[in-house]
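J.: Residue numbers (the numbering used here), protein chains in the order written: chain B, 5 to 203; chain C, 5 to 203.
No wet-lab data here; the hints were simulated from the structure.
Quantities reported herein were computed from a predicted structural model and do not represent experimental measurements.
Any given hint might turn out to be false.
DMTMM-like cross-link-like pairs, simulated, lysine to aspartate or glutamate; straight-line CA separation at most 20 Å [as the list claims (entries may be wrong)]: (1) 58/C with 9/B; (2) 52/B with 40/C; (3) 44/B with 51/C; (4) 52/C with 51/B; (5) 44/B with 9/C; (6) 58/B with 140/C; (7) 44/B with 12/C; (8) 52/C with 9/B; (9) 52/B with 37/C; (10) 52/C with 38/B; (11) 58/B with 9/C; (12) 162/C with 140/C; (13) 58/B with 151/C; (14) 44/C with 9/B; (15) 58/C with 40/B; (16) 58/B with 37/C; (17) 44/C with 51/B; (18) 52/B with 9/C; (19) 162/C with 151/C; (20) 44/C with 12/B.
What follows is each chain in one-letter form.
Number of protein chains: 2
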Amino acid sequence: MSSPDINDLIRMLARLPGVGPRSARRLALCLLEDRETVMKPLMLQLDKTYASVKTCTRCGNLDSQDPCAICSEPRRNHKIICVVEGISDIWAVERTRAFDGVYHALGGVLSAIDGVRPDDLRINELLSRITTEGTEEVVLALAATVDGQTTAHYLTDKLAATGVRISRLAHGMPMGGELDYLDDGTLSTALRSRTAVKS
Amino acid sequence: MSSPDINDLIRMLARLPGVGPRSARRLALCLLEDRETVMKPLMLQLDKTYASVKTCTRCGNLDSQDPCAICSEPRRNHKIICVVEGISDIWAVERTRAFDGVYHALGGVLSAIDGVRPDDLRINELLSRITTEGTEEVVLALAATVDGQTTAHYLTDKLAATGVRISRLAHGMPMGGELDYLDDGTLSTALRSRTAVKS
Numbered sequence: 005m006s007s008p009d010i011n012d013l014i015r016m017l018a019r020l021p022g023v024g025p026r027s028a029r030r031l032a033l034c035l036l037e038d039r040e041t042v043m044k045p046l047m048l049q050l051d052k053t054y055a056s057v058k059t060c061t062r063c064g065n066l067d068s069q070d071p072c073a074i075c076s077e078p079r080r081n082h083k084i085i086c087v088v089e090g091i092s093d094i095w096a097v098e099r100t101r102a103f104d105g106v107y108h109a110l111g112g113v114l115s116a117i118d119g120v121r122p123d124d125l126r127i128n129e130l131l132s133r134i135t136t137e138g139t140e141e142v143v144l145a146l147a148a149t150v151d152g153q154t155t156a157h158y159l160t161d162k163l164a165a166t167g168v169r170i171s172r173l174a175h176g177m178p179m180g181g182e183l184d185y186l187d188d189g190t191l192s193t194a195l196r197s198r199t200a201v202k203s
Numbered sequence: 005m006s007s008p009d010i011n012d013l014i015r016m017l018a019r020l021p022g023v024g025p026r027s028a029r030r031l032a033l034c035l036l037e038d039r040e041t042v043m044k045p046l047m048l049q050l051d052k053t054y055a056s057v058k059t060c061t062r063c064g065n066l067d068s069q070d071p072c073a074i075c076s077e078p079r080r081n082h083k084i085i086c087v088v089e090g091i092s093d094i095w096a097v098e099r100t101r102a103f104d105g106v107y108h109a110l111g112g113v114l115s116a117i118d119g120v121r122p123d124d125l126r127i128n129e130l131l132s133r134i135t136t137e138g139t140e141e142v143v144l145a146l147a148a149t150v151d152g153q154t155t156a157h158y159l160t161d162k163l164a165a166t167g168v169r170i171s172r173l174a175h176g177m178p179m180g181g182e183l184d185y186l187d188d189g190t191l192s193t194a195l196r197s198r199t200a201v202k203s
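Construct all of the structure, not just a fragment, from the sequences and the given hints.
T.: Set out below in structure tokens:
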């Protein structure tokens, strides 16, 4: 590890999420040992993506076009907005292929500890979208954590005046979950929200 | 995940060692969300490293100079060559600061399964270095695996004619190791290679 360039590269890789010093060394070595077949293509792809990707001014998604492919798809239902915390959540909902509306990424959730206040989130943008786009339903797809649910409550209050229909993701047993391993909160929510079995 | 550029980037990141599809998505998102503070500096560093780093023709290490900083350091003992499998092993031995000689990376170890034969390794380069550099000792720092030890035996035979002193890393208990958790092979080796305690 004598070259300062290599050390800088390792230090920079180690700052990425989920990459520690050891895996950063491994990544750097993999890149440097195959400079033409691994490093060069990755560099070109990074250049290409850096040049093309922009943030969608409407929903906050990342795409090579603005408005993004989802916002500009006419076959989607633009009357339903799914409100999520961040871009990874848009990707997660898209992977399910269970939602054909559009999205709105807040860019975070309210958090007293991290000092995230309503003005730091894209809430006003959501309100103006609801007005201009004639939105009929807002699906609050926020994390089932204290901060996520605080944000959902805040948004419910904020959106009440617009008269839009507000829904949230169902809480209950995750698929494949076993009762014995479920936490008490999830189990009691699943009990309270039990649904009728159609016979 | 609508943009093909982003998908390509994720697919490319997922091919790196220790990075699966999920962490590739996380990496891509971290890069793309902070394009100016994370992605751009990484791209510049990759460009810089790609342009500067070369393989040392003498020892096989990676550095921005050839011969590398280790090979061209006059204060190091150039009469002792530490033979290792790859560059990560050079880095590992360097981190210990316990060795002041020079290195020779073989570029792999002999392996019947993977079809690695003596001609695939930098063995002839090692032999000619021993002749031209007046080497006094060769330290075989190869893995304590079947392939590593096969390579060590092969090299011992090959180097016999040169008359150079050949040593290998000690085998025994790793630091912090507990007897109860040690495999039998290590424990019996540690017993056989027991050293006298100076009183």
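J.: Taken at face value, is the distance from the CA of residue 37/C to the CA of residue 58/B at most 20 Å?
T.: Holds: residue 58/B and residue 37/C sit about 9 Å apart, inside 20 Å.
J.: CA of residue 44/B to CA of residue 12/C, is that 20 Å or under?
T.: holds, 14 Å
J.: Hint check: residue 52/B vs residue 37/C, CA-CA at most 20 Å. Holds or violated?
T.: holds, 15 Å
J.: Are the Cα atoms of residue 162/C and residue 151/C separated by 20 Å or less?
T.: holds, 16 Å
J.: Given the hint that residue 44/B pairs with residue 51/C, test it: the Cα-Cα distance must not exceed 20 Å.
T.: holds, 9 Å
J.: Straight-line Cα separation of residue 44/B and residue 9/C no greater than 20 Å?
T.: holds, 16 Å
J.: Is residue 52/C close enough to residue 51/B, meaning Cα to Cα at most 20 Å?
T.: Cα-Cα ~14 Å, so holds.
J.: Keeping to a limit of 20 Å between CA atoms, is the pair of residue 52/C and residue 38/B held or broken?
T.: holds, 16 Å
J.: Measure nothing beyond the straight line between the CA atoms of residue 58/C and residue 40/B; if it is 20 Å or shorter, mark the hint as holding.
T.: Judged against 20 Å, a Cα distance of about 12 Å means the pair holds.
J.: Within 20 Å, alpha carbon to alpha carbon, are residue 44/C and residue 9/B?
T.: Holds, at roughly 16 Å.
J.: Taken at face value, is the distance from the CA of residue 51/B to the CA of residue 44/C at most 20 Å?
T.: It holds: about 9 Å lies between the C-alpha atoms, which stays within 20 Å.
J.: Is residue 52/B within 20 Å of residue 9/C, Cα to Cα?
T.: Given that 20 Å is the threshold and the Cα spacing comes to 7 Å, the pair holds.
Hints 6, 13 from the list above are not met by this structure, while the remaining hints are.
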